[in-house]
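> Spelled out from the first residue to the last, the chains are:
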Amino acid sequence: MDAFGNYKSVISARIADKAVLKKVQDGGIVTAAFVYGLENNLLDGAVVASVGEEFRAVPKVATTVEEILEAAGTKYTTCPNLSVLKQAIREYGCEKVGVVGTPCQIIATRKSLKYPVGFRHMNDKIALTVGIFCMENFPYNGMKTIVEEHCGVKMDDVAKLDIGKGKFWTYTKWGETKSIKLADTHPYEQIACHVCTDYTAELADISTGSVGSPDGWSTVFARTEKGEEFLNGMVESGYLETKPVNEGKFGLELLAKLANIKKSKNQKEIDHRKEIGLPVPY
Amino acid sequence: MVTVAHVQLSSCCGCLVSLTDTYEKLLDVLGAIDLVYSQTIADAREIPEADIILVEGSVCLDDHHAMEIAQDVRKKAKILVALGACAATGGITRFCRGGQMSKPIHSSFSPITEVVKCDLAIPGCPPSPEIIVGLITAAIEGDMEYLAPFSEFAKNNTEACGCDVIEKVVNKSLCMGCGCCAASCPTRAIEMVEGRPLILNEVCIKCGCCGFQCPRIELPKNVMVLE
Chain A
1 MDAFGNYKSV ISARIADKAV LKKVQDGGIV TAAFVYGLEN NLLDGAVVAS
51 VGEEFRAVPK VATTVEEILE AAGTKYTTCP NLSVLKQAIR EYGCEKVGVV
101 GTPCQIIATR KSLKYPVGFR HMNDKIALTV GIFCMENFPY NGMKTIVEEH
151 CGVKMDDVAK LDIGKGKFWT YTKWGETKSI KLADTHPYEQ IACHVCTDYT
201 AELADISTGS VGSPDGWSTV FARTEKGEEF LNGMVESGYL ETKPVNEGKF
251 GLELLAKLAN IKKSKNQKEI DHRKEIGLPV PY
Chain B
1 MVTVAHVQLS SCCGCLVSLT DTYEKLLDVL GAIDLVYSQT IADAREIPEA
51 DIILVEGSVC LDDHHAMEIA QDVRKKAKIL VALGACAATG GITRFCRGGQ
101 MSKPIHSSFS PITEVVKCDL AIPGCPPSPE IIVGLITAAI EGDMEYLAPF
151 SEFAKNNTEA CGCDVIEKVV NKSLCMGCGC CAASCPTRAI EMVEGRPLIL
201 NEVCIKCGCC GFQCPRIELP KNVMVLE
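In order, the protein sequence lines correspond to chains A and B. First residue of the first sequence: 1, per the numbering used here; consecutive thereafter. First residue of the second sequence: 1, per the numbering used here; consecutive thereafter.
Just so you know, these hints were derived from the structure itself, not from any lab. Just so it is clear, CB atoms sit at the ideal spot from N, CA and C, and this is done for glycine as well. Hints are not guaranteed to be accurate.
[Claimed, not checked] In the BS3-like style, the derived pairs of lysine-lysine whose C-alpha atoms are separated by at most 27 Å in a straight line are: (1) B/168 / A/265; (2) A/114 / B/75; (3) A/125 / B/78; (4) A/114 / B/117; (5) A/268 / A/226; (6) B/103 / A/114.
[As the list claims (entries may be wrong)] What follows is a list of derived Cβ distance ranges for each label pair: (7) A/66 / B/40: 31 to 39 Å; (8) B/35 / A/155: 43 to 51 Å; (9) B/193 / A/271: 25 to 33 Å; (10) B/65 / A/124: 56 to 64 Å; (11) A/8 / B/151: 32 to 40 Å; (12) A/52 / B/40: 56 to 64 Å; (13) A/167 / B/20: 14 to 22 Å; (14) B/39 / A/226: 38 to 46 Å; (15) B/1 / A/124: 26 to 34 Å; (16) B/142 / A/8: 29 to 37 Å; (17) A/249 / B/143: 54 to 62 Å.
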């Protein structure tokens, strides 16, 4: 099975700005990409997942570095990023838009570029798609139940959420850390995620995620020419620190293992749905 | 040279405006085709036989001229394309109910996809210039893979509505909340609430965009190839 999809190169990287590194989820690649894009006139806006009240995820068109920084960090709940895609071009007048999204959102973006039925004059204005690795997502109230009922933390007090090492981690604004076993979060998963067979955002220009790299670093795939050029630019202008990706047990091997688990598990669900006569889009 | 005709039935001409809204690409398109009929921009009076006939607008069942044209274009076209919401899904004309002067009897309107067999249908109000050019280019090149979703849409989606994304996606445990439907909607009839579409039915004009764009209703194979 092809675990990662096509790519040109893969590295481990993190954002060079140490102050920003403290605020980001892992290596801060998405933040670095959009900040680099805005500061170097390669982007004039980006569709991001910003934080709303009680750690809700709110799609937003960010046009300043401050807005990009505010949106750093994973929210672990659905954020309909694409819903503001056309807005970025019409209302904000952006001509070089960056889009960040989960694999399904990158797929949706690719479809809207290939078949832009309701997307007038958008094709040439999507300058970069950045995909983030995604195993599954939670509806807001699912995430809230995990955080409030299982971890005992009020949503208002959440500073950061993370999934890693088999656990769902909640970090509070007061410096506490709570966690529960990932197995206990399964009942709150969005069921529509169970027909998804893309773990590493295989259709993005650049894909990034935590698995495969040490804490505080991200694994980064450059998949398209555009993505590779953009990534090289980030490295050359000093926005990123890089090191070769670890091929071994805690590097690409682990990433491939997780990707294949997602693919085979969810392919079974797709086959099952077909068998009992339910529709699947593939 | 591929011959193309543009025929207007009950519509606003916005689909043709959309075709011409391709700036310099319009010249490429017009250079690659022979536009043999279009009442708005050329003076041919009789619809000739053509490789591709683009029909915009729905068919007034109470107007025998419209009914004759619908039959006529089916006979004369190698590829008959329902261009835009009115032709493909009925669009705004789904709300027609007659009673207005000077033809109070003109009360029934159907998309041409329901009146004669159409080969392809492009939803949207209007469809984007890029998709019209994309479809014409694919038709000229015989790229059947690219055209497949339009062929599918012509067969199975004549009664499009915002409810499609509820019935075919949310109700089928397929919606992952990407928000593509909301972005594609030309009237902002879709709000995303708790990561799911909420359809404002009184605002929906039944153009078919949301259902066509949803990657969880149809995901063409050619989308999944990184170029």
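> State for each hint whether it applies.
Taking the hints in turn, this is what the structure says about them:
1. Of the supplied pair hints, the one linking residue 168 of chain B and residue 265 of chain A holds, its CA atoms being roughly 23 Å apart against a limit of 27 Å.
2. For the proposed pair residue 114 of chain A and residue 75 of chain B, the alpha carbon gap of about 31 Å is over 27 Å, so the pair is violated.
3. For the suggested pair residue 125 of chain A and residue 78 of chain B, the alpha carbons sit about 35 Å apart, so the restraint of at most 27 Å is broken.
4. At roughly 26 Å between alpha-carbon atoms, residue 114 of chain A and residue 117 of chain B fall within 27 Å of each other, so this suggested pair holds.
5. For the hint linking residue 268 of chain A to residue 226 of chain A, the alpha-carbon distance of about 34 Å lies beyond 27 Å, and the restraint is violated.
6. A distance of roughly 42 Å separates the Cα atoms of residue 103 of chain B and residue 114 of chain A; the hinted pair therefore is violated under the 27 Å criterion.
7. Here the CB-CB span from residue 66 of chain A to residue 40 of chain B is close to 49 Å, at odds with the stated 31 to 39 Å.
8. A hinted range of 43 to 51 Å for the beta carbons of residue 35 of chain B and residue 155 of chain A is inconsistent with their spacing of about 59 Å.
9. For residue 193 of chain B and residue 271 of chain A, the Cβ-Cβ distance of about 32 Å falls inside the hinted range of 25 to 33 Å, so the restraint holds.
10. Taking 56 to 64 Å as the suggested C-beta distance range, the pair residue 65 of chain B and residue 124 of chain A does not conform, at roughly 41 Å.
11. At roughly 34 Å, the beta-carbon separation of residue 8 of chain A and residue 151 of chain B lies within the given 32 to 40 Å, and the hint holds.
12. At roughly 47 Å, the beta-carbon separation of residue 52 of chain A and residue 40 of chain B lies outside the given 56 to 64 Å, and the hint is violated.
13. At roughly 58 Å, the beta carbons of residue 167 of chain A and residue 20 of chain B sit outside the given window of 14 to 22 Å.
14. A C-beta distance of roughly 43 Å is found between residue 39 of chain B and residue 226 of chain A, which places it inside the suggested range of 38 to 46 Å.
15. Taking 26 to 34 Å as the suggested C-beta distance range, the pair residue 1 of chain B and residue 124 of chain A conforms, at roughly 28 Å.
16. Taking the beta carbon of each, residue 142 of chain B and residue 8 of chain A are about 31 Å apart, inside 29 to 37 Å as hinted.
17. Between residue 249 of chain A and residue 143 of chain B the beta carbons are some 45 Å apart, a value that contradicts the proposed interval 54 to 62 Å.
In the structure shown, a violation is registered for the earlier hints numbered 2, 3, 5, 6, 7, 8, 10, 12, 13, 17, in ascending order.
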